Structure formats: structure tokens, C-alpha cells
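2 protein chains.
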Amino acid sequence: METISTIRSHGGVQGVYCHASSSTGTDMTFSVFVPPHAVGAVLPVVWYLSGLTCTHANVTDKGEYRRTCAELGLIFVAPDTSPRGDSVPDDPAGAYDLGLGAGFYVDATHAPWASHYRMWRYVMDELPGLIARAFPADMKRQGITGHSMGGHGALTAGLRYPERFRSVSAFAPIAAPSQVPWGEKALGAYLGADRAAWRGHDAVALIEDGARVPALLVDVGDADPFLDSQLRPELLQDACAAAAIDLTLRIQPGYDHSYHFVSTFMADHLRWHAERLQ
Amino acid sequence: METISTIRSHGGVQGVYCHASSSTGTDMTFSVFVPPHAVGAVLPVVWYLSGLTCTHANVTDKGEYRRTCAELGLIFVAPDTSPRGDSVPDDPAGAYDLGLGAGFYVDATHAPWASHYRMWRYVMDELPGLIARAFPADMKRQGITGHSMGGHGALTAGLRYPERFRSVSAFAPIAAPSQVPWGEKALGAYLGADRAAWRGHDAVALIEDGARVPALLVDVGDADPFLDSQLRPELLQDACAAAAIDLTLRIQPGYDHSYHFVSTFMADHLRWHAERLQ
Numbered sequence: 033m034e035t036i037s038t039i040r041s042h043g044g045v046q047g048v049y050c051h052a053s054s055s056t057g058t059d060m061t062f063s064v065f066v067p068p069h070a071v072g073a074v075l076p077v078v079w080y081l082s083g084l085t086c087t088h089a090n091v092t093d094k095g096e097y098r099r100t101c102a103e104l105g106l107i108f109v110a111p112d113t114s115p116r117g118d119s120v121p122d123d124p125a126g127a128y129d130l131g132l133g134a135g136f137y138v139d140a141t142h143a144p145w146a147s148h149y150r151m152w153r154y155v156m157d158e159l160p161g162l163i164a165r166a167f168p169a170d171m172k173r174q175g176i177t178g179h180s181m182g183g184h185g186a187l188t189a190g191l192r193y194p195e196r197f198r199s200v201s202a203f204a205p206i207a208a209p210s211q212v213p214w215g216e217k218a219l220g221a222y223l224g225a226d227r228a229a230w231r232g233h234d235a236v237a238l239i240e241d242g243a244r245v246p247a248l249l250v251d252v253g254d255a256d257p258f259l260d261s262q263l264r265p266e267l268l269q270d271a272c273a274a275a276a277i278d279l280t281l282r283i284q285p286g287y288d289h290s291y292h293f294v295s296t297f298m299a300d301h302l303r304w305h306a307e308r309l310q
Numbered sequence: 033m034e035t036i037s038t039i040r041s042h043g044g045v046q047g048v049y050c051h052a053s054s055s056t057g058t059d060m061t062f063s064v065f066v067p068p069h070a071v072g073a074v075l076p077v078v079w080y081l082s083g084l085t086c087t088h089a090n091v092t093d094k095g096e097y098r099r100t101c102a103e104l105g106l107i108f109v110a111p112d113t114s115p116r117g118d119s120v121p122d123d124p125a126g127a128y129d130l131g132l133g134a135g136f137y138v139d140a141t142h143a144p145w146a147s148h149y150r151m152w153r154y155v156m157d158e159l160p161g162l163i164a165r166a167f168p169a170d171m172k173r174q175g176i177t178g179h180s181m182g183g184h185g186a187l188t189a190g191l192r193y194p195e196r197f198r199s200v201s202a203f204a205p206i207a208a209p210s211q212v213p214w215g216e217k218a219l220g221a222y223l224g225a226d227r228a229a230w231r232g233h234d235a236v237a238l239i240e241d242g243a244r245v246p247a248l249l250v251d252v253g254d255a256d257p258f259l260d261s262q263l264r265p266e267l268l269q270d271a272c273a274a275a276a277i278d279l280t281l282r283i284q285p286g287y288d289h290s291y292h293f294v295s296t297f298m299a300d301h302l303r304w305h306a307e308r309l310q
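Just so you know, the protein sequences line up as chains A and B, in that order. Numbering of the first sequence is given in this note's numbering, commencing with residue 33 and proceeding in unit increments. Numbering of the second sequence is given in this note's numbering, commencing with residue 33 and proceeding in unit increments.
Keep in mind that the hints were calculated from the coordinates and are not lab data. Warning: the hint list may mix true and false statements.
Unchecked claim - Cut-off 20 Å, straight-line C-alpha distance, at most; resulting in silico cross-link-like pairs (SDA-like, lysine to any residue):
#1 Lys-94(B) <-> Gly-47(A)
#2 Lys-94(B) <-> Ala-143(A)
#3 Lys-94(A) <-> Gly-242(B)
#4 Lys-94(B) <-> Arg-40(A)
#5 Lys-94(A) <-> Val-45(B)
#6 Lys-94(A) <-> Val-212(B)
#7 Lys-94(A) <-> Asp-288(B)
#8 Lys-94(B) <-> Pro-213(A)
Treat the numbers as computed from the prediction; the structure is a model and nothing was measured.
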């Protein structure tokens, strides 16, 4: 692991790191904020999965998480959203919603994606191992959140690994990717036309198929231009109601899909995670 | 005034605006955050002047001021740092510390700068008039702060207009530009070789020449690479001591010159302003 930068921030250290990933076959960059802490202490970890077009840098620059993480003693990890590099295929049309910046937190099984687009194993297996080795992280206390495509990733991760992730939340998640254009395009490309293979990467389908978590916090802005076409929180609400999952769904008046929305409610989410991790 | 964008953020509205400036003879872009407030209320205003290479966007993206401004009911205004446009001269060598992004908050008197580089009158006269007309601002309650070159601008503004600015603070300011390379280069170019003309744009010189404010808050990081060569807070400390100005100078261990430093201490500064403006 190579340290790209470390900067004192809010009493802790904001770092950016790079390593050669065996999952993706590429170098991968990620950021970690370690709050101030006592020597020898280990701290709970909140994972933040980013949305379409983002790298680790968007939330690191604009997420406004450090002050609250410092208050609550949370490590904050932000991975990239896809493999990158000259050898990595991208959408031939250059679309923002497939290929680079659009890994959708799955392990692709279909060409040309399968050789590098293995974001699920990267975020679920490889990077956690690195975090556990290189940072003062208590891996028995992990929570996960994310924005948009990353909200999708956080919900599916939380539903598939409820014992690992003791807290799960999302900002404007793609709640039912199998039923919306972004998800149909990406899951169809990465996983193939058989929709049965998509159900393990669709929060609503996972719940329908029996996955359970104790509670979810989800915020969505009512001025989000993707609300009705891509996010569909009502489908998550229906699935949680049918499954008796305690969903707190907050429709935030006037908020859009930007980091202004994310940063406004970041402190609420971090507190929600800290309550469950401490 | 043209609205470039308005976005709901932290309960208020973050806007970016553009207008044709008579001071600079160019279009000028600035950002304003208006916190949540009662209908008809007028709110105190904190000006934030940015540093070398910045536009309004750096602090708007990375300053992490909105949450605290929303708590305290402060309007936050961030102007640009120079005129911009095809007609505006830049440093022929393309240096970052002269010309575009480096207006130094003076009215240039020497060619080729004098035709557009009139940032002092822009920030001190023209833009306040626009803010007073277009936003729910109580112009009897203004404070000013800034970072680096903008800290220099905030200190000189506060010292020259103590009745206007009831609170003055700075992040890593160029405290004595006449005595450091950044300032000597810029003031020499914009104002000419006669150093007597520089004294009205040098916080230490202004204090030596009799300018007074009740109190100043200044933060500087001890890992700031410009601390000893360009910022020289000890010169401000000496001048304030000789003038019985109540300077709170905090040397922050481990912090550099970045927006990680600014955002870490932003809430402290905003509280310090709010105490004096409310």
C-alpha cells in the first residue's frame, strides 16, 4: 500500500492510499479518515460507497464527514467506484452509467467486463483485509452507507452480510436496480441477460428473497431529479413493510441529488451508525 | 445579477451568482449561502476572501461553513480573487501568484493591471451594494475573514473599516505582505515600486500607522509550508502587542495550508464572528 497523501484534519488524519488490487487487476485508490484516538485504541469503521462518476475524492472533498467522525470516533473509508487504467474497458459510447466510474459493486461475469470489474469482492473482501492490517480498525464494528449507486451497494452489502455490518444506511440509493434504467443497463452488461443473477445485487429483490437487517436509515430529496425514474424508494418501503424491516425513510424537502444533500444529512447518518457500533 | 445555481443545503440555500462589475470591467462570479431564517428577517453577513489560485468555488466546495452558518444564522459571501476573462491581463510567465487568481484585494494603479484589477473597490464597495439589495442581509452586522491572500484582505479590510466590520479573523494570513516575497511581487506590480503606497494594504503597516480593531482571531498551522517565508504571524503578533490590539493567535499543531486546515477551524471562526455580530 502506497500513501498518496496524509493531511491533518479535524484533529485526525485524512489519508489517500493506493494499492495493487488482486480483485480488479489494477491499482486502486481509496481514502481513509482516522479520527483522533488514544494510543492502542481500535475504532469502528463506516464504509462509504460513492455514486456514478465519482472516485474516492468526491466525498473526501465535499462529504463533510470529518468533524462528526472526529466527535464520534469513527474511521471513514471511501473506495473508488470502478477499476481504472489503460487496460480497463469502458463503455464504448462513453456513457457515465457504465464502465469507468460505474462499477455498481458487482463482480462482472460477462465480457468485456469480467476481467477487471470485480468491485464486489474488492470492497467486500480485499479492501477490508487491507483496512484491518493498516489502520486502527475494529472490524467487529463495521457500518456501511453510500450515495446513489453507492447507496445500492451499501444496501446490498448490508442485506447480504448482516453480521458484518451492524449498521446500514443510504443516501438516495438505487433501491431496486433491476426495475430501473441505470440498473438494467449495468446489471445486464456486467451480469448478463438472466435477471435471476441480478437478484443478489438488488436490495428489494434480496429482501423479497429473505434477506433481513434490523434497521435501515434512508434519506432522499424530493427535488432529486432521479427520484421517480432511478431511485424508487417506495419499492424499498413496500419490501421493508412486507418483511417487517424497520426502515426510516426520510423524504427531504427541497434537496437534490448532489453532495449538498449528502453533506447536509451526513452527520445524522454518522450518529445513526455510531449508536449501533458503540 | 444572474443566478448560476441555487441548491438546498443544510436547511438554507447555497447560490452562485454572476454580474457585470463596473469595478473590474468584467463579469464577476461569487457565492452566497443564506441560512434558514424567518420570513422578513435580516441576517448578519460574514465575508470570506479566498487565497491565491482560488475562485469562489474552493471554499464553497471545501470550506464546510454551511452547517455552522445554519446553526448561527449567518449569511456567508465568497467573492472571486481576481477579474477574469479574455481581456484581463495575466502574469506573462503564468505564475500563480500574480494576475489571474491573485488580485491581492487592491486597486491596481500600474499597467497592465490598472484597467481591471480593482478588487478592493469591488469587494469593499460594489459587491456589498449588490448583497444588500439582493439578499436578506443586515449590513450593520458584517464580519470578515479569509485564507492566506484572503486573510491579508480580511485583515486590511477590518483595519481600514472597523466600523463596518464588527468582527475580523483570518486563516493563515499573509500578515505583512510588504515584507515577504508574495506581497513584494504583487504589491510591486499592482501598486508600483513606491513602498509607501503599499502600507494601506499591509496589516502590520496599517497597525503601525495607527489603525485599530478591538480584537482579532488568527489561526495558522505549524506544518504550513508558507509559515516562515510568506505568512509571518509573529510580525502581526508584535504589531498587535505594541498597539494593544487583542490578538488571539493560535498556532495549530500539524496543520498545513490546505482547506483541511480551513475547514477544521471554520466553525470556531464563525462562532467568534457570531458572538460579535449578534
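Quick rundown of the hints versus the structure:
1. Lys-94(B) <-> Gly-47(A): holds (16 Å)
2. Lys-94(B) <-> Ala-143(A): Violated, at roughly 39 Å.
3. Lys-94(A) <-> Gly-242(B): violated (42 Å)
4. Lys-94(B) <-> Arg-40(A): Holds. Lys-94(B) to Arg-40(A) sits at ~15 Å (cutoff 20 Å).
5. Lys-94(A) <-> Val-45(B): holds (16 Å)
6. Lys-94(A) <-> Val-212(B): Distance ~33 Å between Lys-94(A) and Val-212(B) Cα, so the pair is violated.
7. Lys-94(A) <-> Asp-288(B): It holds: about 19 Å lies between the C-alpha atoms, which stays within 20 Å.
8. Lys-94(B) <-> Pro-213(A): violated (32 Å)
Consistency note: the structure conflicts with the earlier hints numbered 2, 3, 6 and 8.
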